[in-house]
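Residue strings, one per chain:
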Amino acid sequence: MRREVPIFIATVVALYAFVWQVSHHAWNTGWLTQTDLWRTFMVQVAVFLGAINLTRLHANNIRRRREHWIFSVICIVVLWSYMALGMLGNGLFTSGGNNLPTYRWIHDAMLVPIDSAIFSLLAFFIASAAYRAFRVRTREATAMLVVAVIIMLSNVPVGEVIWSKFPTLGQWILKFPNAAGMRGIQIGVFLGTFAATLRLFLGLERKYLGA
Amino acid sequence: MSIWERFDRIDARWIYLFMALALILPVLRPIGMPMSVNPQLTQPFYDWIEKELPPNSLVIMDAAYSGGSAAECDPQMAANFRHLMKKGHKVVLIAQWELGARLSKNVVDAVAREVGAVYGRDYVVAGWRAGGTPWMRSLQDDFWAGMTGVDIDGTSLGEFPLMQRLKAIKPDQVAGIIIYSAGSPGISTYTQFFPEFPLYVGNVAVQVPGNMPLLQARQVLGMLSGLRGAAEYEKLIGEPGRATKLMDAQSVAHMLIIILIVLGNIGYIVKNRQKSA
Amino acid sequence: MSRDPKVWVTAIMTLMIYSYLWKENPAYRLAEHVFLGLAAAHAVVLTWDTALLPRIHNDIIAQGKWQFVLFGLLGLLMYTRLTSAKWSWLSRYPIAISVGYGVGYSLAVLPRPWLIQVRNSFRDLWVVKNGVFQAQATFDEWVFFICLMTVLSYFFFTVARDLKFVRGSSLIGRYAIMVALGAAFGNTVQGRISLFLGRLQYLLIDWLGFVI
Numbered sequence: 001m002r003r004e005v006p007i008f009i010a011t012v013v014a015l016y017a018f019v020w021q022v023s024h025h026a027w028n029t030g031w032l033t034q035t036d037l038w039r040t041f042m043v044q045v046a047v048f049l050g051a052i053n054l055t056r057l058h059a060n061n062i063r064r065r066r067e068h069w070i071f072s073v074i075c076i077v078v079l080w081s082y083m084a085l086g087m088l089g090n091g092l093f094t095s096g097g098n099n100l101p102t103y104r105w106i107h108d109a110m111l112v113p114i115d116s117a118i119f120s121l122l123a124f125f126i127a128s129a130a131y132r133a134f135r136v137r138t139r140e141a142t143a144m145l146v147v148a149v150i151i152m153l154s155n156v157p158v159g160e161v162i163w164s165k166f167p168t169l170g171q172w173i174l175k176f177p178n179a180a181g182m183r184g185i186q187i188g189v190f191l192g193t194f195a196a197t198l199r200l201f202l203g204l205e206r207k208y209l210g211a
Numbered sequence: 001m002s003i004w005e006r007f008d009r010i011d012a013r014w015i016y017l018f019m020a021l022a023l024i025l026p027v028l029r030p031i032g033m034p035m036s037v038n039p040q041l042t043q044p045f046y047d048w049i050e051k052e053l054p055p056n057s058l059v060i061m062d063a064a065y066s067g068g069s070a071a072e073c074d075p076q077m078a079a080n081f082r083h084l085m086k087k088g089h090k091v092v093l094i095a096q097w098e099l100g101a102r103l104s105k106n107v108v109d110a111v112a113r114e115v116g117a118v119y120g121r122d123y124v125v126a127g128w129r130a131g132g133t134p135w136m137r138s139l140q141d142d143f144w145a146g147m148t149g150v151d152i153d154g155t156s157l158g159e160f161p162l163m164q165r166l167k168a169i170k171p172d173q174v175a176g177i178i179i180y181s182a183g184s185p186g187i188s189t190y191t192q193f194f195p196e197f198p199l200y201v202g203n204v205a206v207q208v209p210g211n212m213p214l215l216q217a218r219q220v221l222g223m224l225s226g227l228r229g230a231a232e233y234e235k236l237i238g239e240p241g242r243a244t245k246l247m248d249a250q251s252v253a254h255m256l257i258i259i260l261i262v263l264g265n266i267g268y269i270v271k272n273r274q275k276s277a
Numbered sequence: 001m002s003r004d005p006k007v008w009v010t011a012i013m014t015l016m017i018y019s020y021l022w023k024e025n026p027a028y029r030l031a032e033h034v035f036l037g038l039a040a041a042h043a044v045v046l047t048w049d050t051a052l053l054p055r056i057h058n059d060i061i062a063q064g065k066w067q068f069v070l071f072g073l074l075g076l077l078m079y080t081r082l083t084s085a086k087w088s089w090l091s092r093y094p095i096a097i098s099v100g101y102g103v104g105y106s107l108a109v110l111p112r113p114w115l116i117q118v119r120n121s122f123r124d125l126w127v128v129k130n131g132v133f134q135a136q137a138t139f140d141e142w143v144f145f146i147c148l149m150t151v152l153s154y155f156f157f158t159v160a161r162d163l164k165f166v167r168g169s170s171l172i173g174r175y176a177i178m179v180a181l182g183a184a185f186g187n188t189v190q191g192r193i194s195l196f197l198g199r200l201q202y203l204l205i206d207w208l209g210f211v212i
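Residue numbers (the working numbering), protein chains in the order written: chain A, 1 to 211; chain B, 1 to 277; chain C, 1 to 212.
No lab work stands behind these hints, which were simulated from the structure alone. Wrong hints could be hidden among the right ones.
Each computed DSBU-like pair below joins lysine-lysine, with the alpha-carbon atoms no more than 30 angstroms apart [stated by the list, open to error]:
no., chain 1, residue 1, chain 2, residue 2
1, A, K175, C, K129
2, B, K245, B, K51
3, A, K165, B, K51
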């Protein structure tokens, strides 16, 4: 009941989605759109789970006075106050909260730049990695390094100034050897993904239902 | 201790500082080195909007990125949107990433102010909805229902004249799709569920090599490769913007990284020789 | 220098993150935790604002579409995950529906784009255009063909590896993969640098007010 019924439901739903998606006749009934919307609404109702889980994680840090617990307090305060602002700022059960000037101000001045800045740290790490890790240890590594340098030079105007054919060479590498190599990798990835999906479909993989 | 050994043990923070300082000057004083346009990635993208799209076409744009990749995707979207508006086309913007929804609205609103495009008549930002691919799939049958009948600000879609033209993402209503992609969910949503549409991609540079097979098989018809792609597009539409101004700094940064690779390897080879001697 | 408080907050947040380059410190950690809170809240607010409220108002209340209520209740069962084992199994029902739905779709739509890729791999290895043999195009197609086949042979484990032909082929395949990875690295450099330049441009021009 607790395990078998959900697995049975998953199989029936998977069969339904598969048949309806591949059958054009079924498509025309408009049923798939209806069930898409219902299933989407079901997922949307559960959207608070992420916020609650994050809160539980950080509440645990605070309770146990783990190192840096004070930042957990800040995280929880920011999370719930920003949520309250967006959901209640325009009045309960009235939409448009995410368009409030204060809400947008915080979005533009804090959320976006922190996100950008965190990712831009990678520029520094790649410079350091280029110096420390990108070594001609083997022939394969040398081939990789040479190609990387050609691609780098083909990507920037200075490469063109050094040798006018760098962009053409870079494009050729991307279009032929690179595309073929990537396709070979992706064909393998597809076979793996499809096999994993099939395992889910056949009920051989049940970890998603939890312990 | 030899000079190479000293180099090898250098604190990474010196490299960080050196890189940051080296980039300040070219950001502030770009000299504008000449730059060619990629004939297989950028040019077909431009030609599609410039020559192939029928007048007054409706194009779907998808912001599948976040602030982390905004430095690459924002200028691409701004350049494409400017071009589309100038040619009199219409745009409906959706977002497969929640952090891309409002971010992309800021980008197109800023361009719209400059070119005089009107919200609701020339473009609409519908935004992001939780739900993954089933949500996206529902848009091909009923865009309004999939979007719960409102735009990102909660305004009813019925209030926008443009939305009378878009009831579903179907070929008779939508001329093509442009996705700005920084990862997953992203391009595969369209190659799997919307294969009948001309698909163009604004890519973060990291993804371009992996997406070349899609371009080869014509599942994707044109791509912009990171900031360079945006700069090339700005050049094509004759409106050099932020991306163009950063290309000299890109050159300096790339040369710096190549020098670091060379220095690191000289040190490595010298050390190996010393060891074996 | 800018007088806009929004620009100042943006700049300070950026510098707080960059302080990590010196070493991990409270300023970085503060910005990191603020981001975590804001990002998680933003997804909830957007869903509440543009999905749940309009659906409840327009479909459930105005049109009486009861199926949404049913699926909404199923969605609420997800929250039993947060309770004890006595109730948490109930969350398996919405998860099963969600996963099943995704699996059905995947089985239906995954093969098509892949088959297009496979079809595109059958290529003309003797290119003639308007009756004239194209040496460059023929060379390109052979490069593509050899790289693809050797990479596939590198991942092909059905045949014994000790065969000379298989060994040689997979060796070339390894080089082809290295070329692809080298291209990926080269482009990664462009991408990462762009992200930093975007921030640098903001700090120098929008915040400090340099004019270019």
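The hints, checked one at a time:
1. A:K175 / C:K129: Answer holds: A:K175 to C:K129 is near 20 angstroms, not above 30 angstroms.
2. B:K245 / B:K51: Holds, at roughly 27 angstroms.
3. A:K165 / B:K51: 28 angstroms, holds
Consistency note: the structure conflicts with none of the earlier hints.
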